[in-house]
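Chemist: Here's the letter readout for the chains.
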Amino acid sequence: MTNLFNYIERDSAIHNLTGATKLICLMLWSFAAMGTYDTRYLAVLALLSMGLFKIGHIRIKDVSFMLGFTAIFLVLNTILVYLFSPHHGTEIYGTCTYLFGLEGYFAPTAEQLFYHLNYWLKYLATIPIILLFVCTTNPSEFAASLNRVGVSYSVAYSVALALRYIPDVQHQYNEISKASQARGVELSKKETLIHRLKSASAILVPLILTSMNRIEVISNAMELRGFGKNKKRTWYMARPFRVWDYLCIVGCAVLLIITFVLNHINGGRFYNPFQ
Amino acid sequence: MKKLSVKTIVAIGIGAALFFVLGRFVAIPSPVPNTNISLQYGILAFIAAVFGPVAGVLAGLIGHFFIDFSYGWGVWWSWVIASAVFGLITGLITSKMNLDEGEFEPKHLLVFNGGQILGHIIAWVVVAPILDILMYAEPANKVFLQGVVSAIMNIVTTAIVGTILCIAYAKAIPKAGSLSEED
Amino acid sequence: MADNIIEFRDFGFQYKAQQSPTLYNIDFAVKKGEKVLIAGPSGCGKSTMVHCINGLIPFSYNGTMTGSVQVAGKETRDASLFEISHTVGTVLQDSDAQFVGMTVAEDIAFALENDCIPLPEMKQRVQQVAQMVNVGDYLTHAPGEVSGGQKQRVSVAGVLVDDVDVLLFDEPLANLDPATGKSAIELIDRMQQETGAAVIIVEHRVEDVLHRWVDRVVLMNEGRIVVDTTADELLSGTYLKDCGVREPLYVTALGYAGVEVTPQKHPHNLNATVITDEEKAKVQKWFHETPAAVRKASDDYILQVRDLNFGYEKTDVTVLHDISFSVRRGEMMAIVGTNGAGKSTFSKVICGFEEPRSGSILFNGEDFSTYSIKERAEHVGYVMQNPNAMISQVMIYDEVAFGLRNRGLDQEEIDRRVEEALRVCGLWRMRKWPISALSFGQKKRVTIAAILVLGPELIILDEPTAGQDYRHYTEIMEFLLELNKKGITIVMITHDMHLMLEYANRAVVFSHGRVIADDTPAHILTNPKIIEEASLKETSLYHLAMKCGIPDATAFVQRFIDYERTSVRHDKSV
Chain A
309 MTNLFNYIER
319 DSAIHNLTGA
329 TKLICLMLWS
339 FAAMGTYDTR
349 YLAVLALLSM
359 GLFKIGHIRI
369 KDVSFMLGFT
379 AIFLVLNTIL
389 VYLFSPHHGT
399 EIYGTCTYLF
409 GLEGYFAPTA
419 EQLFYHLNYW
429 LKYLATIPII
439 LLFVCTTNPS
449 EFAASLNRVG
459 VSYSVAYSVA
469 LALRYIPDVQ
479 HQYNEISKAS
489 QARGVELSKK
499 ETLIHRLKSA
509 SAILVPLILT
519 SMNRIEVISN
529 AMELRGFGKN
539 KKRTWYMARP
549 FRVWDYLCIV
559 GCAVLLIITF
569 VLNHINGGRF
579 YNPFQ
Chain B
3 MKKLSVKTIV
13 AIGIGAALFF
23 VLGRFVAIPS
33 PVPNTNISLQ
43 YGILAFIAAV
53 FGPVAGVLAG
63 LIGHFFIDFS
73 YGWGVWWSWV
83 IASAVFGLIT
93 GLITSKMNLD
103 EGEFEPKHLL
113 VFNGGQILGH
123 IIAWVVVAPI
133 LDILMYAEPA
143 NKVFLQGVVS
153 AIMNIVTTAI
163 VGTILCIAYA
173 KAIPKAGSLS
183 EED
Chain C
86 MADNIIEFRD
96 FGFQYKAQQS
106 PTLYNIDFAV
116 KKGEKVLIAG
126 PSGCGKSTMV
136 HCINGLIPFS
146 YNGTMTGSVQ
156 VAGKETRDAS
166 LFEISHTVGT
176 VLQDSDAQFV
186 GMTVAEDIAF
196 ALENDCIPLP
206 EMKQRVQQVA
216 QMVNVGDYLT
226 HAPGEVSGGQ
236 KQRVSVAGVL
246 VDDVDVLLFD
256 EPLANLDPAT
266 GKSAIELIDR
276 MQQETGAAVI
286 IVEHRVEDVL
296 HRWVDRVVLM
306 NEGRIVVDTT
316 ADELLSGTYL
326 KDCGVREPLY
336 VTALGYAGVE
346 VTPQKHPHNL
356 NATVITDEEK
366 AKVQKWFHET
376 PAAVRKASDD
386 YILQVRDLNF
396 GYEKTDVTVL
406 HDISFSVRRG
416 EMMAIVGTNG
426 AGKSTFSKVI
436 CGFEEPRSGS
446 ILFNGEDFST
456 YSIKERAEHV
466 GYVMQNPNAM
476 ISQVMIYDEV
486 AFGLRNRGLD
496 QEEIDRRVEE
506 ALRVCGLWRM
516 RKWPISALSF
526 GQKKRVTIAA
536 ILVLGPELII
546 LDEPTAGQDY
556 RHYTEIMEFL
566 LELNKKGITI
576 VMITHDMHLM
586 LEYANRAVVF
596 SHGRVIADDT
606 PAHILTNPKI
616 IEEASLKETS
626 LYHLAMKCGI
636 PDATAFVQRF
646 IDYERTSVRH
656 DKSV
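Read top to bottom, the protein sequences are chains A, B and C.
Final position of the first sequence in my numbering is 583; the numbers increase by one with none missing.
Final position of the second sequence in my numbering is 185; the numbers increase by one with none missing.
Final position of the third sequence in my numbering is 659; the numbers increase by one with none missing.
Treat the hints as calculated values from the structure; they're not laboratory data.
Keep in mind that a hint or two might mislead.
[Said to hold, decoys possible] Calculated pairs, SDA-like style, for lysine to any residue (alpha carbon to alpha carbon, straight line, at most 20 Å): (1) B:K9 to A:N538; (2) B:K173 to A:L517; (3) C:K101 to B:A161; (4) A:K486 to C:L204; (5) C:K101 to A:N521; (6) C:K528 to B:S7; (7) A:K506 to B:A161; (8) C:K459 to A:G492; (9) C:K208 to A:T542; (10) C:K367 to C:M631; (11) B:K173 to C:A522; (12) B:K173 to C:F525; (13) B:K173 to C:K517; (14) C:K365 to C:V346; (15) A:K537 to C:L166; (16) A:K362 to A:Y315; (17) B:K9 to A:M520; (18) C:K267 to C:V249; (19) A:K539 to C:H171; (20) A:K539 to C:L204; (21) C:K101 to B:G104; (22) A:K540 to B:S7; (23) A:K540 to C:A522.
Quick caveat, the model's predicted, so the values are computed rather than measured.
Throw the hints in and build the complete structure from the sequences for me.
Modeler: Spelled out as C-alpha cells, the structure:
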C-alpha cells in the first residue's frame, strides 16, 4: 500500500532532485503548458517531457496502467466536445474550412481537427511530467516540499497525515463494507439510486464515527509530542538544494517565460495557421 | 488566517483520506465523463459542518488532488478547486451549528442542506465550468451541462448521505451534563 | 518534597460533560527514577490520571480541577502542554494513532522536527534511539509493514528522543500478543535502567506487568486511590479481588490450595516467591483431591476446512497454507496466534469476505464455496473486534432489525425474530434505547444480537474482550457461555491466554499462516515448543506446578480450570 501513488525507487538524476525542486518545476511546467495553445511550442514540450522520462529511468510499462486511464478519458472527452460543439474550432480560429467535400453541422472542419490536435498535444505536454513527478518523488518528501515552497507547515502536515492514513482508512472501509454485506447491504445496480445511497450510509456511519475517534486520539498524540509549538519546524525527509536543483528551476522558469513571449507574439493563446 | 488547531489539522488529513478512499475506490460512474455518483461529498459536507470552512476547503482540495494524482490523468484543477469551494461554502453556512455538542434539530437540517445545495450549485454550475473554459478552452455548452448534471447528482447524494451522517453523529454524542460515571 | 517529579495533592477533577467528579482526593507522588504501576478496573479514573499527568488535562479536555498537581515542581495549570511534554513522554494505548510519521524514522523524529532540530543532529539522534529499542533495521518501513510490537517500540523511541524524565505508558499490553507483551515489559524495564527516567505504567493486567520489578502499585477504584503500596503487600490482601481486577493466577491457585499469601513470601513474582515444603504438600493435596472433569467429544462436525490456501491478489505472498481443521457442533473453541498469523484472514475466508485460492469449506456437510457473503451470514456470523465499526443505526431495535429489513422480510417476522434475539442477549428491556447510551460490553451484545438475528448456528468473534477489564471480560464471556449452552457453536479469535484457558474447550494455534497445534488449552499452554513458535506465553500455573513438584503440569492447569468452572462459577456443563 505504500505504493498508492506509484513511486518507483530508482537512482536517476531526476530522483536526486529535491522534492521541492520537482514540485516547483511541475508547477512552472504546468503553467507554461496550460498558458498557451501554440501548437509548435506544445509539440516541443511534449517531446521534451518524453525525453525526461528517459532521464528519470521510468519505462512506459511502469506507467502503462495510468496511461490507459488517461487515454480513455481523453477519447471520451474528445468525442463529447465534438458532439456538443463541432464548430468550436471555427469559433476560435475565425475561419471555416470544410474537409472531404462534406458540409453541415457535424461535418469535419480543418479548424475543429486542429483544435483537437492542440487539445491532445496539451495533454501530451503535461501528463508525462505529472507521471514523472509521481514516479520519482517519495511521498514522504512531498509534505516537506510543500512547506519548503511556502505552504504553512500545518497544511503541509495535513497532507502528510492524509498520505499516512489513506491505507488505514481504506482497510477499514473494506472491513466495514464486507461486514455490512453479510447483513444484506447491497450497493449493486439492482437497487434504486436512493436505496443504494441509504445502504452506503450504513457503511459510512461506522466509518465516520470511528474516524472521529481517531481524529481525537491522533491530535492528542501530536500535541503531546510538541506539534504546533513553534512557528517553524524542520523535516526529517528534507534534503539540501544543490546546483542541479537551481538549474532545473531556472530552466522551467524559462519555459514559462517562452509561453508569455509566444502569447505576446501570437496576440493571444492560440497559434492561428488559418489566417 | 488564524492559526489552525491541531485537531483541525488532523481533521483535514483524515477528512482528505476519507474523501480520497471513497472517491477513488467506491466511485460509481455515471454516463457523463468526469462525473460520478460521489459519496465523498457527503463526507466532505459533514467534515465542513463539524470542523468549519477551513477544514472543508483543505480536505476537499487535498482529497480531490490525490484522486486525480493517483489516476495519473493529470490534475484537473478546475474540478479540484470546485471541490474545495464546495467545502468552503458548506463550512461557512453551517458555521453556527454545534454538531459536536450533539445538536442537530430540524432547523439545523435545513441549514445543512441549504448550505450543501448552495455549495454544490456554486461549485459545479459556476466555478468548475468557468475554470474549464478559462484553463482548457472547452466549449461552454458542454461544461455547463456537465456541471448541472454533477450538481444534481451531488446534491442528492449529499442530502441523503450527509444528513444521515450528521444525525448519527449528533445522536452518538453524549449531551453536556448528561453523563454519569464511566467515560 | 524536592525529588518528587510528579505530585498530586488533594486533587480532584470533573469533566465538563459529567455530573459527578471522575477523581476525588488524590494524594500521590512519583520520585525521580521510580517505577510505579497504576492499576484498577475500567472507569476507575486511571485514564483521567494519565491525562492529568501529561497535561491533556487541563489543556485539551475541559473540566474543573481542585487541589494541586505538579510536574517537575510546577503546577500544570501554570505550565503549557509543550513544557510538560519535555518532562513527561506518553506512549498511548493505540500505537496506530501515535504512529503519525510515514516511516519509522520520520515518526521517531517527530518531536525533534517540532523542536526545529537541524537535520544532521536529528538523523544522528534518531539512529541512536532506534538502536536502543531495536528498530534500527526498519527505519524506512511504513507503519503497515511493521508488527504491533515494533510499532510500540517506535512509539517508545519517539518519546525517548526528547530526553524525558518520566515515561508514561497507557495500557501498553492492550494490543499485544502474550510474548510481545512480555518483551514490552522487559523493554520498559531496560529503558528505565538505561535512561534513569521514572516510569508510570497504567494497566489492569497486573500479573503481566509484575513480570519485572515495580517499586509501588497504586490501585484505584471509583475515582479514588484504594491503596498505594508494594506489590507484595498488595497481593497479600484482597484488594484486587474487591476492585474487580484479576489477581495473578498463581496467587489464586495458592489461595484455592489453602496457602496463605503474605508479604514475607514475596508473591510479586513467582520466581521470587517462597513456598515451604509443607505448603507444597498442600498444593499437591489440592491437586490430587480435585476431581478431573469428564469430557465427551462428539463427531458431529459443523464446519470442516480442508487444505485451504489464500493469498492477496496483487502479491505472491501466501497468507494461509493448507489449513485443515474442523469445528464440532456446539463447542466453544479458540483460534490463537500472533498478529498476522492469519487467524483473522481465516475467518474472513470462511465468511466469504475473501476468496481462497484452493481448498474446501464444508458447512453441515455442504460445499460453502458457492454461497455469497449474504447467504453465508445465515449460517456463520462474524462479530468484529470493535463494536463501533459495526453499528450503523441510532436505536437498538433498528440495529438488530437492520439485517432482516435488508432481506425484505415482513414486519411481523422481523418483530418476532428481533424480540427473540434481544431476549437471548438480555437487551429486550432496553430495546427503545439509543445505542450511544450503552457501555462497551452492552454495545458488544447489540452487535452479537444483530448477527444472531440472522439465524447463524456458528458465530466467530474477533477478540471479543480486547481492552476490557476483568469485570467486563467476565460479563462478556459469561454471556457467550450462555449462548453456547443454547446451542450456538462459538469460535473466538484471541491472543488472550486467560480467555482461552478459562472458556475454550479446544484451541487451534496459527503461526505464519499454518495450523501448528489443535489441542486443549491446558496442553497448548504447557508445551514450550508451541508456545515459542506461536509467541504465546506459559501460564504461571505451569511454573507453580513445577515449583511444587507436580510433574504433570498440564493436568494441574486443567484441574485449576475445572475447579474454577465447577466450584467457583458453579457451572455444571463441563
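Chemist: All the hints need checking, so say for each whether the structure fits it.
Modeler: Status of the hints after comparison with the structure:
| no. | hint | verdict |
| --- | --- | --- |
| 1 | B:K9 to A:N538 | holds, 16 Å |
| 2 | B:K173 to A:L517 | holds, 11 Å |
| 3 | C:K101 to B:A161 | violated, 33 Å |
| 4 | A:K486 to C:L204 | violated, 44 Å |
| 5 | C:K101 to A:N521 | holds, 18 Å |
| 6 | C:K528 to B:S7 | violated, 32 Å |
| 7 | A:K506 to B:A161 | holds, 11 Å |
| 8 | C:K459 to A:G492 | holds, 6 Å |
| 9 | C:K208 to A:T542 | holds, 12 Å |
| 10 | C:K367 to C:M631 | holds, 14 Å |
| 11 | B:K173 to C:A522 | holds, 10 Å |
| 12 | B:K173 to C:F525 | holds, 16 Å |
| 13 | B:K173 to C:K517 | holds, 14 Å |
| 14 | C:K365 to C:V346 | holds, 13 Å |
| 15 | A:K537 to C:L166 | holds, 9 Å |
| 16 | A:K362 to A:Y315 | holds, 16 Å |
| 17 | B:K9 to A:M520 | holds, 10 Å |
| 18 | C:K267 to C:V249 | violated, 24 Å |
| 19 | A:K539 to C:H171 | holds, 18 Å |
| 20 | A:K539 to C:L204 | holds, 17 Å |
| 21 | C:K101 to B:G104 | holds, 14 Å |
| 22 | A:K540 to B:S7 | holds, 15 Å |
| 23 | A:K540 to C:A522 | violated, 43 Å |
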